[in-house]
Amino acid sequence: MKKEERYLFPVDYMADPSVHVFNGRLYIYPSHDRESGIPENDNGDHFDMNDYHVLSTDDVMHGEVTDHGVALRVADIPWAGRQLWDCDVAYKDGKYYLYFPLKDRNDIFRMGVAISDKPEGPFIPQPDPIRGSYSIDMAVFRDDDGSHYIYFGGIWGGQLQRYRDNKAIENPHLPADDKPALPSRVVKLADNMLEFAEEPRPVIILGEDGKPLTAGDPHRFFEASWMHKYNGKYYLSYSTGDTHLLCYAVGDNPYGPFTYQGVILTPVVGWTTHHSIAEYKGKWYLFHHDCIPSNGKTWLRSLKVVELEYDADGKIITIEGSEDISKFGQRY
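When we follow the working numbering, the leftmost residue of the sequence shown carries the number 39, and every step to the right adds one.
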């Protein structure tokens with residue numbers, strides 16, 4: 039029996055939802071898709087987003103979703119080039135910090151920070167990107183001791199393959215299928231929330247054999263890291279990109295290593311799969327997107343939510359994606 043799911047904001051195309059609960063209300067920080075006319079390619083140039091909106095609700099499956107309007111624009115950012123991709127927000131000491139990837143004027147993805155007094159913004163960007171930052175798909179995790187960590191990275195258009203040991207390399211490449219997969223990164227934030235407190239570290243995902251997943255494994259990391267805790271364990275979830283799955287691995291601390299556990303979501307209509315996981319009013323939810331409303335245009339995605347469940351052993355029960363567009367007809 040298919041689980042109840044909901045399109046959260048059918049009046050516009052949004053994707054890559056990062057979700058948090060602030061002041062008892064659930065806030066959604068998505069990418070804002072648009073029709074740019076740029077041809078599709080493996081670098082993702084057709085994902086040419088130029089602003090962020092903030093959404094919120096107090097009833098995930100049935101309540102009104104409020105659009106708080108534009109929270110940040112490319113035009114507001116002093117160092118901007120193009121392409122505002124996935125973002126995330128953290129709260130500390132009365133301030134909200136929005137972390138975002140944006141290509142600079144050399145077409146290199148960096149991580150920026152913008153600050154607001156309110157969870158819905160507007161957010162005021164800092165004059166420069168975070169020193170030592172690179173790649174895409176920021177996810178901020180606050181641990182129980184108040185420390186904040188950012189997970190980031192994505193290959194292909196996300197440019198992660200251009201770096202080794204946090205330094206750009208002359209000849210970017212992906213590892214062979216039988217070699218360890220490129221890992222995402224994790225870094226602890228400084229107390230001021232505006233810079234890294236350390237060098238980013240690799241996030242290693244191990245298989246049942248205790249060895250890192252290989253680049254040819256369909257369950258290896260590609261992009262879209264997310265972190266949450268459940269029953270004292272750290273759940274790293276991520277997209278497998280060109281194999282179109284959401285998967286997860288579990289560890290004992292924010293840095294890992296993490297051991298692969300299984301598939302959260304099977305393929306949906308559209309090339310990308312990007313998500314977050316949050317608890318609200320005693321239930322857990324998976325927020326993600328698909329391209330059914332745009333009839334399969336992978337650069338025009340729509341936000342979705344479905345309840346997420348665990349079994350008695352803490353395993354996430356796999357959710358079946360909506361893979362066949364023919365079942366759903368035309369746009370609303």
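Check each hint, because a few of them may be wrong.
Here are the simulated DSS-like pairs of lysine-lysine, each with C-alpha atoms no more than 30 Å apart in a straight line [as the list claims (entries may be wrong)]:
id, residue 1, residue 2
1, K353, K217
2, K226, K271
3, K133, K217
4, K321, K267
5, K321, K156
6, K141, K156
7, K226, K205
8, K41, K249
9, K41, K335
10, K353, K267
11, K271, K141
In case anyone wonders, no lab produced these hints; they're calculated from the structure.
Quantities reported herein were computed from a predicted structural model and do not represent experimental measurements.
Each hint tested on the structure:
This hinted pair checks out: K353 and K217 have alpha carbons roughly 28 Å apart, not beyond 30 Å. Pair hint K226 plus K271 holds up; C-alpha atoms about 18 Å apart against a cutoff of 30 Å. Of the pairs offered as hints, the one joining K133 and K217 is violated, with about 43 Å between alpha carbons and a cut-off of 30 Å exceeded. Straight-line distance between C-alpha atoms of K321 and K267 comes to about 14 Å, which keeps the hinted pair within the 30 Å bound.
The straight-line distance between the Cα atoms of K321 and K156 is roughly 25 Å, inside the 30 Å bound, and the hint therefore holds. Between K141 and K156, the direct Cα distance comes to roughly 26 Å. Compliance with the 30 Å bound is thereby established for this hinted pair. Straight-line distance between C-alpha atoms of K226 and K205 comes to about 18 Å, which keeps the hinted pair within the 30 Å bound. Distance hint between K41 and K249 is unfulfilled; the C-alpha atoms sit about 35 Å from each other, more than 30 Å.
Only pairs whose Cα atoms come within 30 Å are accepted, and K41 paired with K335 is accepted, the gap being roughly 24 Å. Under the criterion of a C-alpha separation no larger than 30 Å, the hint pairing K353 with K267 is consistent with the structure, at around 12 Å. Pair hint K271 plus K141 does not hold up; C-alpha atoms about 34 Å apart against a cutoff of 30 Å.
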